[in-house]
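K.L.:
Okay, here's what each chain looks like letter by letter:
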Amino acid sequence: MSEAHLTMGAHAAPPMEARPFAIPSKKLAMWLFLMADVMTFAACVAAYGFLRNSTPDWPRPFHGVTSVAIMTLIMLTSSLTMLIGLRAAKMDDKAGAFRWMMITAAAGVIFTLLHIRDWMGMINQGVGLFQNPWGPAAFGAGFYVVTGFSLLHISAGTIALIIVAIRYRGGRYDADDVEIVNLFWQFVGLVWLFIVPVVYLMNLAR
Amino acid sequence: MTTAEANGIKKYLAIYVCLLVITALQFVIGYQNIAGSQLVVRFLTFAVIETILVVLFWMNLGSEKKVFVKFIVYFMLFVLATMNYIWTDSFRLLVFRLTGLGPS
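Sequence lines, in order, name chains A and P. Per this note's numbering, residue 67 is the first one in the first sequence, and the count goes up by one each step. Per this note's numbering, residue 50 is the first one in the second sequence, and the count goes up by one each step.
In case anyone wonders, no lab produced these hints; they're calculated from the structure. Beta carbons: idealized from backbone N, C-alpha and C, even for Gly. One or more hints might be untrue.
[What the hints assert, rightly or not] Derived DEER-like restraints, expressed as beta-carbon distance ranges:
no.	chain 1	residue 1	chain 2	residue 2	range
1	A	L179	P	A73	32 to 42 Å
2	P	I135	A	I225	12 to 22 Å
3	A	G187	P	K114	45 to 55 Å
[Claimed, not checked] Some residues of chain A that are not near chain P, with every Cβ distance over 10 Å (derived):
no.	residue
4	A108
5	V175
6	L179
7	G201
8	Y210
9	T213
10	I232
Work out the full structure, taking the sequences as your base and the hints as a guide.
P.N.:
Next up, the structure:
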């Protein structure tokens, strides 16, 4: 290699690669993750539907869905408060963004607690992964896998929200990071809107 | 607060109210005595409307580049279409279990 090449290599900046789809890399990564997650959730819900469809006498144990309705209201409202937080972050209102994100995280905690309470009610009725008092054993497995996967996402999202909110207020993260956590939060809320009819409303006691 | 900011929040609130109404309708339909297949169709229709509203306006996909929107939409349609291959087999299993016929 000539001296001229060495000199050029030392000083020339590496060529900039074009951003795929002209969006920030972090945002693209979150979208790709969400697309992969859609496949996982779709597989879980499809497997649940398959079991439900192919099993005679599938139980319909839900007499009332008041707690599910409250959980849905909390989830939808938390999606709205997250958007208000994102809006504040884009206007560089750090205090406002932090406050709204923490309100969203609080809603996530309440949702998680209500969800665990719902699970405890099912466990107390004798519903386990491989057993239930109403017949087909697959019901418990289907119920816990689908709702448990959602619960896992909402719990992880709540923790992520708290971390991003604190780091955003401290100046380590910017509005782009808030937007990325907003994408995840809206996604978990959307998944819940699919789980409610498939798992709960389709199995109301009549 | 500027007019644009107020309009933005109004848009979020409008979508929120729409989602609340659609979800409430799902709960009302859930309590009605409707045949299983009809129930699935109605629930899925409402869920798809909710998805479009959330993805376009709350996840701001509507304001991204068209090529990216196409990428997401085609990919999702492919995933959802391939998931539908299983249903015929679930009906076959149901018939086997109800009639006692099928492979031993």
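K.L.:
Against this structure, judge whether each hint is valid.
P.N.:
Results of checking the hints against the structure:
1. A:L179 to P:A73: 32 to 42 Å: 24 Å, violated
2. P:I135 to A:I225: 12 to 22 Å: Taking Cβ atoms as reference, P:I135 and A:I225 lie about 34 Å apart, which means the hint is violated.
3. A:G187 to P:K114: 45 to 55 Å: 47 Å, holds
4. A108: For A:A108, whose nearest Cβ neighbour in chain P is about 5 Å away, the distance does not exceed 10 Å, so it is violated.
5. V175: Check passes; 21 Å lies beyond 10 Å.
6. L179: 21 Å, holds
7. G201: With a cut-off of 10 Å, A:G201 remains clear of chain P, as the shortest Cβ separation is near 12 Å.
8. Y210: Holds: least Cβ distance 20 Å, greater than 10 Å.
9. T213: 16 Å, holds
10. I232: Label holds. Min Cβ-Cβ 23 Å, cutoff 10 Å.
Hint compliance for this structure: hints 1, 2, 4 are not met, and every other hint is.
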